[in-house]
Amino acid sequence: MGKTFGLWNWKGGVTKTTSTLNVASHLVEDHGLRVGTVDFDPQATLTKLAGLAPAELAAEETVLGALLPEEYGELDVREIIRDAPWGGWVLPATPDLAGAEPVLNSVPGPHSRLERALRAVRDDVDVILIDGPPRTGKLAFNLLGASDGIFVPVALSYASATSLKPLFQTVRLFSEYEHPVPVLGVFGTLSRNTRHCREVLEGLNEQLGDLMLDATVPNTVSVEDALPEGLAAWQLDRKSLGAKAYTRLTGDLLARTATTVTAAA
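Counted the way our numbering counts, the sequence shown spans residues 1 to 265.
Some hints here could point you the wrong way.
Claimed, not checked - Label pairs and their computed distance ranges (CB to CB): (1) 71 - 123: 23 to 29 Å; (2) 120 - 179: 16 to 22 Å; (3) 203 - 106: 41 to 47 Å; (4) 169 - 203: 38 to 44 Å; (5) 101 - 166: 32 to 38 Å; (6) 177 - 99: 41 to 47 Å; (7) 177 - 202: 32 to 38 Å; (8) 30 - 166: 22 to 28 Å; (9) 207 - 238: 32 to 38 Å; (10) 175 - 71: 37 to 43 Å; (11) 13 - 168: 46 to 52 Å; (12) 241 - 179: 37 to 43 Å; (13) 106 - 239: 25 to 31 Å; (14) 82 - 225: 19 to 25 Å.
What the hints assert, rightly or not - 27 Å max Cα-Cα, derived DSS-like pairs, lysine-lysine: (15) 244 - 48; (16) 3 - 244; (17) 165 - 239.
Please keep in mind that the hints were generated in silico from the structure rather than gathered at the bench. Backbone N, C-alpha and C define an ideal beta-carbon position, used for all residues, glycine too.
Take these sequences, add in the hints, and give me the full structure.
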């Protein structure tokens, strides 16, 4: 059975979606893993990067339909997933996913809906990466409920770094009252060669210790240039700064999950 990991930060603009796409691509290309990605953000950016038009997707063709069988009937996720240009597959979303929040307040097992939906595909992959919502609430709890662990991208800015405390509190409370979900690692993003970024990174290392991954992701056009095509940075230029950074980051992430993730024979 494959393992599921969430990439989550309740602060937006930290390259959560970009990192999900790039790490997934490196897991497929460099490590020979079977990988699925889940767009669990109502902004549906990962879906758009896959070349899909959220406005043209019915709920039954998205993760929303899989979450709420009471509304849309029992759906097989294997019939909803789409091939992703970065490798593997993607389970798409639309902005209507935000409407699941109030509905989940009144259904049984509100925090386990995503986990239940993904059971149909977990035996077919080695890794599932969930691109989480930039907020807390029922969707975030579903991400935690479906994850064997989470990774936290944090932009190297003071504003982003200070958002970590409430995130860790949310994970701790969920782990206490639902089931344990470890934070497997935190990694810096949007890094620039400035004193500000260096000071923020130094502060994070002092605060979090071994929880910080060694790799950081630079603020570089090589990553942005690939996104309009739904591609990872390496797919445009293997030698680019972005490709090299995500190669290192993927290795760091795998090292944290080495006891649980292995390629299928």
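Structure-based check of each hint:
1. 71 - 123: 23 to 29 Å: holds (26 Å)
2. 120 - 179: 16 to 22 Å: holds (20 Å)
3. 203 - 106: 41 to 47 Å: holds (42 Å)
4. 169 - 203: 38 to 44 Å: The hint (38 to 44 Å, Cβ to Cβ) is violated, given that residue 169 and residue 203 are roughly 19 Å apart.
5. 101 - 166: 32 to 38 Å: The hinted range 32 to 38 Å is violated for residue 101 and residue 166, with Cβ atoms some 18 Å apart.
6. 177 - 99: 41 to 47 Å: violated (25 Å)
7. 177 - 202: 32 to 38 Å: holds (34 Å)
8. 30 - 166: 22 to 28 Å: violated (34 Å)
9. 207 - 238: 32 to 38 Å: Given about 34 Å between the Cβ atoms, the range holds.
10. 175 - 71: 37 to 43 Å: At 29 Å between Cβs, range violated.
11. 13 - 168: 46 to 52 Å: violated (19 Å)
12. 241 - 179: 37 to 43 Å: Roughly 39 Å apart at Cβ, these two residues keep to the hinted range, so it holds.
13. 106 - 239: 25 to 31 Å: violated (53 Å)
14. 82 - 225: 19 to 25 Å: holds (23 Å)
15. 244 - 48: With a Cα-Cα distance of about 25 Å, the restraint between residue 244 and residue 48 holds, given a limit of 27 Å.
16. 3 - 244: Roughly 25 Å separates the two Cα atoms, so the pair holds.
17. 165 - 239: violated (36 Å)
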